[in-house]
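**Q** Here the protein sequences come in this chain order: A and B.
Each residue of the first sequence is one higher than the one before, starting from 1 at the first, in the numbering used here.
Each residue of the second sequence is one higher than the one before, starting from 1001 at the first, in the numbering used here.
It cannot be assumed that every hint is accurate.
[Claimed, not checked] Between beta-carbon pairs, the in silico distance windows are:
no., chain 1, residue 1, chain 2, residue 2, range
1, A, Ala119, B, Val1041, 15 to 25 Å
2, B, Ser1040, A, Gln296, 49 to 59 Å
3, B, Val1041, A, Gly148, 23 to 33 Å
4, A, Phe413, B, Ser1040, 23 to 33 Å
5, B, Val1041, A, Leu439, 20 to 30 Å
6, A, Thr25, B, Ser1040, 24 to 34 Å
7, A, Phe413, B, Val1041, 22 to 32 Å
[Unchecked claim] Output of the computed footprint for chain B on chain A, the stretches with three or more beta carbons under 8 Å from beta carbons of chain B:
no., stretch
8, 146 to 153
9, 158 to 168
10, 401 to 412
11, 487 to 497
Hints listed in this document are in silico derivations from the structure and should not be mistaken for laboratory results.
Ideal Cβ placement from N, Cα and C applies to all residues, glycine included.
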Amino acid sequence: MTINRILGLENEYGISSSKNTDPITLSNRLVSAYAKHTFPNIKIRWDYDVENPLRDARGFDFTRAEVDYSVSTHEDMSVYNFILPNGGRFYVDHAHPEYSSPETINPLDVVKWDLAGEAIMQQAAALDLEENPEDPIRIFKNNVDNKGSSYGTHENYSTLRQTPFNAIIKHLTAHLITRQIYCGAGRIGIGQNSEIFDYQISQRADYIENHVGLETTLRRPIINTRDEPHADPTKYRRLHLILGDANMSDMATLLKVGTTSIILSMIEDGFLDDLDLEIAEPVNSTQLISYDLSMQKTIEMKNGKKFTALNIQEIYLEKAKSWLKNNNLSSQYRLVIENWESTLRDLKIDIYLLANKIDWIAKYQIIQKYAVDKELVFKSSILQSIDIKYSEITKNDGIAQLLRKSNILTQLFEPENIKDAILNPPKSTRAWLRGKVLLKYSDNISAASWDSLIFDVDKTESLIRISTLDPYWGDYESVNTLLEISHTAKDFISNIKSLRQTN
Amino acid sequence: MSNQIFGKGPGDKPETSETMKAFSKPNTKGIDSILDEIDSVLEKNAEEFVKGFIQKGGQ
């Protein structure tokens, strides 16, 4: 068995401007500047007909009155929404500019198309500056403002419907809580309003208040139960995780998504059925681990045993290595395993060995240098400004960007790779078809979503909906010839219909 | 010295933070080469920048 899971990442970016313009206006400015100046031919709307954010993975629907209103992203029809030629989506959500990566099937591609999202945000800010030179926009890839607000970095993993959701809750929770020791982005501030000035491993830990739940803006859960597979619901779920941090380190993103995907495969395979790693108090433990930079404190399991976060990660890694013996993993997943192992080893020896891979350590190293040289405490505005400036991506003067440029933070891609990922979708999923169709038949596409393309070929006839419910169909291999021989949208629709009839 | 400087709590008086003891000796060899560059990008008015960084809640 190989891992062929559909993966994706969504980032809500922090945004501000010198005139303190309201963030919804700023976010709209970004999306519209980018759409207008880079791909003026693409003028379509997002097709919301198939979305249902109130469907719960545990098998029931919430009515709108029962949940926090902001779960209903439907209502924001007026805000800007741009489907990208790389198959991803650039839009405004909850007063933040958001980038959703296109669907990919390996964790290295997740990193690449996430970096494309950063570059798109940066380019959008530059284009907006030409129109609004008096009010420059700044963009931050982080998750907290330290004044009570948090905004998300969401991971998406397709999982097999036949796998009981309870098995995911039971066997994945301990991983999600402990993986922060290598994918935390670091934060000065303890508590949702930074009531205490100290450094912690994760940006998001203090905003996690529930073990399992549907909501994303209040009572945020470790495991989110939104059940919108954007695929055949009898075959797939889409596990939507909202507890992770936004990472500037490529390796942190790779490990975050890669290890989680491997563990999901072991769960689907029944390989973790005997694993007894249920945590007694998952929410408290999330915070306890985030506050403990020494990584020595233990958390209590339901069976009474006590483990450190590193212990738990080592148990998962050992399981993965023995699972690997009977499974043929791709080179990308092998890279994940190798780095997972070396990271856990180095965390035990000396955390600074990982200042090239782990955000919370890279950031901490700089904060500590300033603290020592200038005799500053965490309450100091200078140290807090470093915390925020680490994640700025507006124009290549963010601290993590400087670390990347000097190879102090390891980079996994060349600039050409990122440029390619801005313009092209991954070849391995339906994102390829979405991105290519948008450009080729832009005059005749009226709307699109993750699992549909809506054509308006003849103004006198009704719209034609092409379903793309199978995320693996529409990849380069399956549709490239079709796209080449279909010179017009009309050709494409008739070719695709005859292809589907013969299959 | 670094043991002394990490403040915990809102007071100005520095005290040793428990969790810091594990590796209070900073290893900054790797970043010495770009400290000037980091200095040059830091906010001139850090206090105003930190206070002004206000976001709306998201998902």
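**Q** Give a verdict on every hint.
**A** Hint by hint, here is what the structure shows:
1. Ala119/A to Val1041/B: 15 to 25 Å: Holds - the Cβ-Cβ distance for Ala119/A and Val1041/B, about 19 Å, lies within 15 to 25 Å.
2. Ser1040/B to Gln296/A: 49 to 59 Å: violated (37 Å)
3. Val1041/B to Gly148/A: 23 to 33 Å: holds (27 Å)
4. Phe413/A to Ser1040/B: 23 to 33 Å: For Ser1040/B against Phe413/A, whose Cβ atoms are near 26 Å apart, the range 23 to 33 Å holds.
5. Val1041/B to Leu439/A: 20 to 30 Å: violated (37 Å)
6. Thr25/A to Ser1040/B: 24 to 34 Å: holds (31 Å)
7. Phe413/A to Val1041/B: 22 to 32 Å: Holds: the Cβ-Cβ distance is about 23 Å, inside 22 to 32 Å.
8. 146 to 153: holds (count 7)
9. 158 to 168: violated (count 0)
10. 401 to 412: holds (count 4)
11. 487 to 497: With 0 residues closer than 8 Å to chain B, the stretch 487 to 497 of chain A misses the three-residue bar; violated.
Of the numbered hints given earlier, the model fails hints 2, 5, 9 and 11; all others are met.
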